[in-house]
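Novice: Take a look at the letters that make up each chain.
2 protein chains.
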Amino acid sequence: MKLFKKTVIIGTGLIGGSLGLALKKEHLVSQITGLSRHKRNAILAKKSGAIDYAAVSLEVVKDADLIILATPVESIIGIALKIAKKIKKDCVVIDVGSTKEAIVSKVSQVIPNFVGCHPLSGSEKRGAVNLQADIFRNSICIITPTVRTSKKPLNKIILLWRKLGCKIIILPPKEHDRILAFTSHLPHAVAFSLMGCIPTELLSLSSGGLRDSTRISASDANLWCEVFLSNRRNLLASLSAFQTKLAVLKLAIERRDKKLLIKILSAAKGKREKLG
Amino acid sequence: MKLFKKTVIIGTGLIGGSLGLALKKEHLVSQITGLSRHKRNAILAKKSGAIDYAAVSLEVVKDADLIILATPVESIIGIALKIAKKIKKDCVVIDVGSTKEAIVSKVSQVIPNFVGCHPLSGSEKRGAVNLQADIFRNSICIITPTVRTSKKPLNKIILLWRKLGCKIIILPPKEHDRILAFTSHLPHAVAFSLMGCIPTELLSLSSGGLRDSTRISASDANLWCEVFLSNRRNLLASLSAFQTKLAVLKLAIERRDKKLLIKILSAAKGKREKLG
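Chains A and B are the protein sequences, given in the same order. Read in order, the letters of the first sequence are residues 1 to 276 in the working numbering. Read in order, the letters of the second sequence are residues 1 to 276 in the working numbering.
Honestly, the hints are just simulated from the structure, not real lab data. Hints are supplied without guarantee of correctness; some may be wrong.
In this list, chains with the same sequence are indistinguishable; a pair is considered to hold if it fits within one copy or across any two.
To be verified - Within a straight-line C-alpha distance of at most 27 Å, the following computed DSS-like cross-link-like pairs (lysine-lysine) qualify:
no., residue 1, residue 2
1, 88, 263
2, 259, 106
3, 47, 163
4, 271, 250
Please model the complete structure; the sequences and the hints are all you need to start from.
Specialist: Put into structure tokens, the structure is as follows:
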């Protein structure tokens, strides 16, 4: 079942390109045109079948029925402002950015049929070489409508992500950013700091524990710099909460307080086991 | 090729039991007797073929040629002191504890043929239900002799771990503890704290990043409490180094200092990529 006809994906990296592959695999759109800052990404996306056409100009948006903004967070608002006056009145526009409050509040002012989305399917791997149609299957997609979001495009977009295998969670944009600060941005900030403090010459003497707990510190620096800054206030709050927890653990070690230590470690273990 | 005849494994949990399986698979010892505080572990270890006999008393050490101390770190010294006068003069004793300085200095005083070992093959999984002969293959085993360690047992133990597929690293016990504070104990302390500060009701809205970076916080609380306390001074130093890195990252976010942020994130990414 086709949900949309002409589709334009702006940003054909890991998420944008994989989304192209998934939409085609599920036959949800008629044709896909891709645009990328990096010519190589657009060429690779076309080769892998994620897009039908590689375009070089934003003019392609003018007869699109669905536009997917899949560029890094800092450029989403700028691109939305640029395309707002070019698109058809009933064109549905979504983004897949990691933060939502700023994007949704700015973009929904200029594009009435805008639906903010955040599929939790990212990876430390980037770019069109790692495209996979199935990265959305069994993952969560958070959708962040506002009171002004029209019901019809919203329901179509919910259906689109469902067809890709996502579990849908609806959240206000502000709530999304507060939560993701804890469940995604904080773990990244911690992993970057942990990796940063391990002396390079000791790396060869580590085991799977360090490897797992720092995997996400191999993520793109520019991309995460922008995510951190675009969710600055919430991230600072979650960093403070983490610093407090760490300070209490350190104090328990300093004081050789076994009872407190086992209480802290057991609570964390119990919580981690819930995560599965 | 048999390296030892009668072998006794004290502590038939994940490491002790898996070591039994591996030693038998490679035909490195003639027979293995296992002892465990937890009756269930010894029974499971015997069922899985990790040990030939399950014993209930430390008396079995008296005719052993090789004794492997594979209990949690806090009980290794106590057990070593108990068996020191029971064992044969040429019996070789090794441990597989996560910290080495205290264990090696105390145990080598009472058991001349003692060789401290630390295979970096642990896991957040514990107990005899998760035994695997191959957890040592392609992993690192750190061996921590002192100036007093006799060459003959040392070389035999090095050969034993090599036959199990380990890459051997020789380190002074003190150096081992300083390094592992960074590459193993700190990541665990960080993972426990990170898990601890994430509000339970937000756990369902996380992705693979949080899952990976907190995997080791599902580790056993009692075991890690003892590891932390037995390497207290080094761990506190590595925790301080981490706190400083984290504070600098937080300041860069507070000040919206993109240049510094990208520098921090890129350095971590580069280091992580070396880890493979």
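Novice: Could you place residue 47 and residue 163 in one of the four classes (within, between, both, neither) given a Cα distance threshold of 27 Å?
Specialist: within (24 Å within a copy, 47 Å between copies)
Novice: Is it within, between, both, or neither for residue 259 and residue 106, if the alpha carbons may be no more than 27 Å apart?
Specialist: Cα proximity of residue 259 and residue 106: across copies only (26 Å, versus 50 Å in one copy).
Novice: How would you label the pair residue 271, residue 250 (within, between, both, or neither) given a Cα cut-off of 27 Å?
Specialist: So residue 271 and residue 250 pass the 27 Å test inside a copy (20 Å) and across (26 Å) alike.
Novice: Quick one: residue 88 to residue 263, C-alpha cut-off 27 Å, is that within a copy, between copies, both, or neither?
Specialist: Neither, since 59 Å and 42 Å both go past 27 Å.
Comparing the model with each numbered hint stated earlier shows that hint 1 is the single one that does not hold.
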